[in-house]
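Please take these sequences and the hints and turn them into a complete structure.
Chains A and B supply the protein sequences, listed in that same order.
When you line the first sequence up against our numbering, it's residues 1124 to 1234, in that order.
When you line the second sequence up against our numbering, it's residues 85 to 277, in that order.
Be careful, since some hints might not be right.
[Stated by the list, open to error] With a straight-line Cα cutoff of 30 Å, these simulated DSSO-like cross-link-like pairs (lysine-lysine) come out:
1. B:K150 with B:K251
2. B:K150 with B:K94
3. B:K263 with A:K1147
4. B:K251 with B:K263
5. B:K251 with A:K1147
6. A:K1147 with B:K150
[Stated by the list, open to error] Here are a few chain A residues that sit away from chain B, every Cβ distance over 10 Å (derived from the structure):
7. L1190
8. A1206
9. E1230
[Said to hold, decoys possible] Partial pick of chain A residues on the chain B-facing surface, computed with a CB cut under 8 Å:
10. F1141
11. V1146
12. N1148
13. L1149
14. A1152
15. A1163
16. L1172
17. Q1202
Because the hints were derived from the structure by calculation, they are not lab data.
Predicted, not measured: the structure shown is a model, and the values here were computed from it.
Just so you know, even glycine gets a beta-carbon here, dropped at the ideal spot from N, CA and C.
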Amino acid sequence: MHPDDNARSSNEPHMNDFVAAIVKNLDQATQQLPDSTQAALTAGREQALRPAQHKHWPWAVAASLLLAIGAMTWNYQPQDTDAMALELLQADDQLLNEIDLLETLAEVDET
Amino acid sequence: MAVLAFFSRKAREQALEQFLTGVERRAYQSALLTTRREADALDIVQDTMLQLVQHYREHTAEEWPKLFQRILQHRIVDWVRMRQRQQGLYSQIDANENEEDPLHQFADPKDINPAAIVIAQQDINRVLNALELLPLRQRQCFLLRAWEGFDTENTAQALGISTGSVKTHYSRALEKLSKAMICPTPQEPSHAP
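Shown next as structure tokens:
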């Protein structure tokens, strides 16, 4: 018990012994808690502390995403549209040539 | 700077964990005296720890005991109010605030030393039952002042009441406890050893 302001208990000499005896019993009861209760208290404490320990994980995830996007952008090479158009035209020419050849062959067969 | 901040944060988290480890058993016992149900007492303690970690972890370590007890006692009162709403009972939290002390009707037990009875009997369950029978405010005042070592001012702040009320509740708690030790009320033990 706090030494100051003992209220009316200080008027009775045996009250301090009485309070000490009660507190001693309370301490003993607290020490005799079953293991399951202590395990539950420990689990609750760890759960309460967990958000504090991992409070910065959203920032870590965001930073990782930004890093990955940056790396992908660094290696990105834009495609040459002119080259693609040229490839398409060449493919078209080749296709037309093959059609002409097939038609010619067909005419030869008929004759 | 970042390294220093990191180690400072780690040290604070370790200190907070040590503090919670030191108070959790007493907090559980304190809650159990009101709830008489292990699961509810565990919920109250865990909720208290969570609130302290989330909102007050940046406070100084010297402030943690007061803040912890303030949250704990409010959680206990919230639990009592919730139970009373569920059961449709009238509030008994402040019921004993203004009532005439019924102990004045009994003979003065000054001649009998209740401490000697407690020490002689070494009956923890009887002490716990006597504490359970106290009205909530009286039990809170007794536990905070006698067990947690709070002074009147800090007890009043933790409970949100005046210092005069703390003195009154504490005095009445002592009287009722001494009477309960001398003339115990028959009751089924709610605490397994």
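Hint check:
With a C-alpha separation of about 18 Å, the suggested pair B:K150 and B:K251 falls inside the 30 Å cut-off, and the hint holds. Under the criterion of a C-alpha separation no larger than 30 Å, the hint pairing B:K150 with B:K94 is consistent with the structure, at around 22 Å. About 18 Å separates the Cα atoms of B:K263 and A:K1147, which keeps this hinted pair within 30 Å; it holds. Between the alpha carbons of B:K251 and B:K263 the distance comes to roughly 18 Å, so the proposed pair stays at or under 30 Å and holds.
Using a Cα cut-off of 30 Å, the hinted pair B:K251 and A:K1147 holds, with the two alpha carbons roughly 22 Å apart. Of the supplied pair hints, the one linking A:K1147 and B:K150 holds, its CA atoms being roughly 22 Å apart against a limit of 30 Å. Under the 10 Å C-beta cut-off, the non-interface status given to A:L1190 relative to chain B holds; the minimum distance is some 18 Å. With a cut of 10 Å on Cβ distances, A:A1206 stays outside the contact zone with chain B, its closest approach being about 48 Å.
Against the 10 Å criterion, A:E1230 stays outside the reach of chain B, whose nearest CB is about 82 Å from its own CB. This hint holds: A:F1141 has a C-beta 4 Å from the nearest C-beta of chain B, less than the 8 Å allowed. For A:V1146, the shortest C-beta to C-beta distance to chain B is roughly 6 Å, which falls under 8 Å, so the interface hint holds. For A:N1148, the interface hint holds, the least distance from its beta-carbon to any beta-carbon of chain B being 4 Å, beneath 8 Å.
The beta carbon of A:L1149 comes within 6 Å of a beta carbon in chain B, closer than 8 Å, and the hint placing it at the interface holds. With a least beta-carbon distance of about 5 Å to chain B, the hint placing A:A1152 at the interface is held under the 8 Å criterion. Satisfaction of the interface hint for A:A1163 is found here, the shortest Cβ-Cβ separation to chain B being roughly 5 Å, below the 8 Å cut-off. A least Cβ separation of about 6 Å between A:L1172 and chain B falls short of the 8 Å threshold, and the interface hint therefore holds.
Given hint, A:Q1202 at the interface with chain B, is violated; its Cβ is 42 Å from that chain's nearest Cβ, farther than 8 Å.
Comparing the model with each numbered hint stated earlier shows that hint 17 is the single one that does not hold.
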